[in-house]
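J.: Use the sequences and the hints to build the structure in full.
Protein chains: 2
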Amino acid sequence: MAKMNESFLSLKKSYLFIEIGKRVREYIAAHPDNKIIRMGIGDVTQPLVPAVVEAMKKAADEMGVKETFRGYEDSGLGYDFLRDAVRDYYKSFGVEVKSAEVLISDGAKSDCGNIGDIFSADNTVLITDPAYPVYVDSNVMGGRKVIFADSNEENGFAAMPDKNVHADIIYLCSPNNPTGSVYTKAQLKEWVDYAIANDAVIIYDAAYEAFISDPELPRSIFCIEGARKCAVEICSLSKTAGFTGTRCGYTIVPEELMLKTPTGEDISFYQLWTRRQGSKFNGVSYPVQRAAEAVFSPEGQAQCKAVIASYMANAKIMAETFDSLGIEYTGGKNSPYIWFKCPFGMNSWDFFDKLLNEAEVVGTPGEGFGKNGDGWFRLTAFNTLENTKEAMERFKKLCGK
Amino acid sequence: MAKMNESFLSLKKSYLFIEIGKRVREYIAAHPDNKIIRMGIGDVTQPLVPAVVEAMKKAADEMGVKETFRGYEDSGLGYDFLRDAVRDYYKSFGVEVKSAEVLISDGAKSDCGNIGDIFSADNTVLITDPAYPVYVDSNVMGGRKVIFADSNEENGFAAMPDKNVHADIIYLCSPNNPTGSVYTKAQLKEWVDYAIANDAVIIYDAAYEAFISDPELPRSIFCIEGARKCAVEICSLSKTAGFTGTRCGYTIVPEELMLKTPTGEDISFYQLWTRRQGSKFNGVSYPVQRAAEAVFSPEGQAQCKAVIASYMANAKIMAETFDSLGIEYTGGKNSPYIWFKCPFGMNSWDFFDKLLNEAEVVGTPGEGFGKNGDGWFRLTAFNTLENTKEAMERFKKLCGK
Numbered sequence: 204m205a206k207m208n209e210s211f212l213s214l215k216k217s218y219l220f221i222e223i224g225k226r227v228r229e230y231i232a233a234h235p236d237n238k239i240i241r242m243g244i245g246d247v248t249q250p251l252v253p254a255v256v257e258a259m260k261k262a263a264d265e266m267g268v269k270e271t272f273r274g275y276e277d278s279g280l281g282y283d284f285l286r287d288a289v290r291d292y293y294k295s296f297g298v299e300v301k302s303a304e305v306l307i308s309d310g311a312k313s314d315c316g317n318i319g320d321i322f323s324a325d326n327t328v329l330i331t332d333p334a335y336p337v338y339v340d341s342n343v344m345g346g347r348k349v350i351f352a353d354s355n356e357e358n359g360f361a362a363m364p365d366k367n368v369h370a371d372i373i374y375l376c377s378p379n380n381p382t383g384s385v386y387t388k389a390q391l392k393e394w395v396d397y398a399i400a401n402d403a404v405i406i407y408d409a410a411y412e413a414f415i416s417d418p419e420l421p422r423s424i425f426c427i428e429g430a431r432k433c434a435v436e437i438c439s440l441s442k443t444a445g446f447t448g449t450r451c452g453y454t455i456v457p458e459e460l461m462l463k464t465p466t467g468e469d470i471s472f473y474q475l476w477t478r479r480q481g482s483k484f485n486g487v488s489y490p491v492q493r494a495a496e497a498v499f500s501p502e503g504q505a506q507c508k509a510v511i512a513s514y515m516a517n518a519k520i521m522a523e524t525f526d527s528l529g530i531e532y533t534g535g536k537n538s539p540y541i542w543f544k545c546p547f548g549m550n551s552w553d554f555f556d557k558l559l560n561e562a563e564v565v566g567t568p569g570e571g572f573g574k575n576g577d578g579w580f581r582l583t584a585f586n587t588l589e590n591t592k593e594a595m596e597r598f599k600k601l602c603g604k
Numbered sequence: 204m205a206k207m208n209e210s211f212l213s214l215k216k217s218y219l220f221i222e223i224g225k226r227v228r229e230y231i232a233a234h235p236d237n238k239i240i241r242m243g244i245g246d247v248t249q250p251l252v253p254a255v256v257e258a259m260k261k262a263a264d265e266m267g268v269k270e271t272f273r274g275y276e277d278s279g280l281g282y283d284f285l286r287d288a289v290r291d292y293y294k295s296f297g298v299e300v301k302s303a304e305v306l307i308s309d310g311a312k313s314d315c316g317n318i319g320d321i322f323s324a325d326n327t328v329l330i331t332d333p334a335y336p337v338y339v340d341s342n343v344m345g346g347r348k349v350i351f352a353d354s355n356e357e358n359g360f361a362a363m364p365d366k367n368v369h370a371d372i373i374y375l376c377s378p379n380n381p382t383g384s385v386y387t388k389a390q391l392k393e394w395v396d397y398a399i400a401n402d403a404v405i406i407y408d409a410a411y412e413a414f415i416s417d418p419e420l421p422r423s424i425f426c427i428e429g430a431r432k433c434a435v436e437i438c439s440l441s442k443t444a445g446f447t448g449t450r451c452g453y454t455i456v457p458e459e460l461m462l463k464t465p466t467g468e469d470i471s472f473y474q475l476w477t478r479r480q481g482s483k484f485n486g487v488s489y490p491v492q493r494a495a496e497a498v499f500s501p502e503g504q505a506q507c508k509a510v511i512a513s514y515m516a517n518a519k520i521m522a523e524t525f526d527s528l529g530i531e532y533t534g535g536k537n538s539p540y541i542w543f544k545c546p547f548g549m550n551s552w553d554f555f556d557k558l559l560n561e562a563e564v565v566g567t568p569g570e571g572f573g574k575n576g577d578g579w580f581r582l583t584a585f586n587t588l589e590n591t592k593e594a595m596e597r598f599k600k601l602c603g604k
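So the protein sequences, as listed, match chains A and B. Numbering (the working numbering) for the first sequence: 204 to 604. Numbering (the working numbering) for the second sequence: 204 to 604.
If you are wondering where the hints come from, they were derived from the structure by calculation, not from laboratory data. Do not rely on the hints blindly, as some may be mistaken.
Since the list gives no way to pick out one identical chain from another, each pair is judged satisfied if it fits inside one copy or across any two copies.
[Stated by the list, open to error] Below, simulated DSS-like cross-link-like pairs (lysine-lysine); rule was C-alpha separation at most 25 Å, straight line:
(1) K544 x K604
(2) K392 x K294
(3) K463 x K215
(4) K536 x K294
(5) K348 x K206
(6) K269 x K519
(7) K463 x K348
(8) K206 x K432
Predicted model only: the values in this text are computed from it and were never measured.
T.: Listed below in structure tokens is the structure:
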């Protein structure tokens, strides 16, 4: 009798974005001619930059010629050309990682979700709340105990560690999804010290690092002394370079990072993770890896930075709107997300429905990211300038005094 | 204290193809100017066909234009254009599946490895031995008990069920990797009946179905009555269309397939698997899905079938060589693999070293696929005609009387 993984029964019923999609589809079905502006799911709207498209097409051509065709990657961990490019990218903001420590994946979500495979069910997982739902869901599926560190109004939605609470695995995300808050170096140092004191591992999600413009803010946890002993960093090209539909990311696993065997001995995280990938993954599409390499070329960097600047111009318009309305928010600087307190004292799903029905703007209810998100709401800066302006005008009409 | 998944300690030390790669690299380092012929790892050598390359380039261009850019896929389960194409492909050999039952992935290895996520550790897994190592490794990682059904000389390397043995999950692969044997409809019916009697699920690996030319042999487990109640089918474009480095596959999950909850009630396999994918996967790259769609176009099918025919011409040359040497083998017909008894009564790693050192041909030691593989050896038909001929000449010199 084939028995299910019973931990799936402990999952919340529906994945946040599926529920949003359902409500939006229903609204569109009832109002097929209206213009909906989507600022909900964190998807980008600008196309891949020319350097990336050219690289992908060139690689596709190579795949069509016997002499340059590529089959299975030897390692499945990424081609050296891309791993070197990521290493050099880190160097550009002052962080030293080895090329071999850069492991290429089909996106941050896959690595975030799959990394639990190498951990015992007998670990306590600390997740900041609110958070990207994959952290909780993948650990619930893995049967691990999940506890939360509150990100809330009082701490500017930047949860800090509590020395009286023990954790074995810690998920951090900065710039934060959904709240847009960004940890300072001093704050991250507190987390690193806490992790080392607990012999814990930090899973650091840096998917939004490219949106940091303030040079004082850390773009990688490896800016922090001691982090190589206690952290892995998961990153993505989805937001950095519009790869949401192209699928490529990377995870940095320092060689010196260790987990514990059942008898308390050290065992290499790198060895366990590459063993997992060696058995359940076969590398990223070669043309996609060439496209990713082009993101890090001087031309690709210039083009991608221009796209990010345009999204951040949207964020500025949004921040100004909330400022003018006197609505409390975090993010909008060094982050493509704005996280604000629902007007009218509404809860976040009710405000979702109001915003959809009365302004035809799609956002994300904060409650979908955790209990501290209730009464809060996320909008993204990933739409076009024109749509962002229009959405903010509608928002002012809906929420202005 | 972050604790490892202790099941990893039960894994065999090294993944088969990593060990082979290591030995080959060492040999090449010592003999840098010699011509090695690789017939080991099941990688293809012919480039992507023109229809596929053109489709990928066209999609890359679409990704560079705002109006046609695609971000996240709504479902992450595959675009309808590709799911429909796979449904129609199945129809072409007489199997009805619904488009919604076709779930697109980045390759059969990922789905094979990840599918364990939805099963309880408390299941007995039956794997035919020898087998593709991912079946065993992913279940060992998941802490499940693994038992084996022997594929051996006596049964033509086509293991059959034993009514006195109970299993909850069954892995079958036909045409088989590594042995090249192909189940008949009558044999598969026995497995389906066995699965239904045990309330078990069959994970059916059909990665090599495109190599079947005999119309009497089943290209899908869904040719068999009852299979929709007890089986999922995992397939890949790696061998069908040379996607080893392009990465795309699909899994067919019938709507009526059920697992059991801890209280013995039915729960939908489809629902569990799509929930898993919804939380740990974000879909396949859009240009890769367009490339995959092109495989199933009339033009793509004609081109891919010509490539497969050329590989099967190699297999014929190999089969004739073994016939002429009087070496016992399976496969070589309806399969790109030939599985033969090591000459000189050698064990399979010793023969691997002899073949590498004395004929400079790389094969795969049968022992790497399980205990019944010892004394047996796998060669693939995926090299070029020229190299296949040369390898067979060398083989004759090495093993001829």
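J.: Now, for every hint given, state plainly whether the structure supports it.
T.: Taking the hints in turn, this is what the structure says about them:
In this assembly of identical chains, the alpha carbons of K544 and K604 lie at most 25 Å apart only when taken from the same copy (16 Å versus 84 Å across copies). Taking CA atoms no more than 25 Å apart as the test, K392 paired with K294 passes inside one copy only; the shortest distance there is 20 Å, against 59 Å between copies. Taking the shortest alpha-carbon separations for K463 and K215, only the inter-copy value of 19 Å comes in at or below 25 Å, while the best intra-copy value is 30 Å. With identical chains, the CA atoms of K536 and K294 are at most 25 Å apart within one copy only, with a shortest distance of 24 Å there and 53 Å across copies.
With identical chains, the CA atoms of K348 and K206 are at most 25 Å apart both within one copy (22 Å) and between copies (13 Å). Within a single copy, K269 and K519 get their C-alpha atoms only as close as 50 Å, which misses the 25 Å cut-off; across copies the closest is 22 Å, which meets it. Proximity of K463 and K348 under a CA criterion of 25 Å is satisfied in both settings, with 18 Å inside one chain copy and 24 Å between copies. Within a single copy, K206 and K432 get their C-alpha atoms only as close as 38 Å, which misses the 25 Å cut-off; across copies the closest is 15 Å, which meets it.
Of the hints listed earlier, there is not a single one the structure fails to meet.
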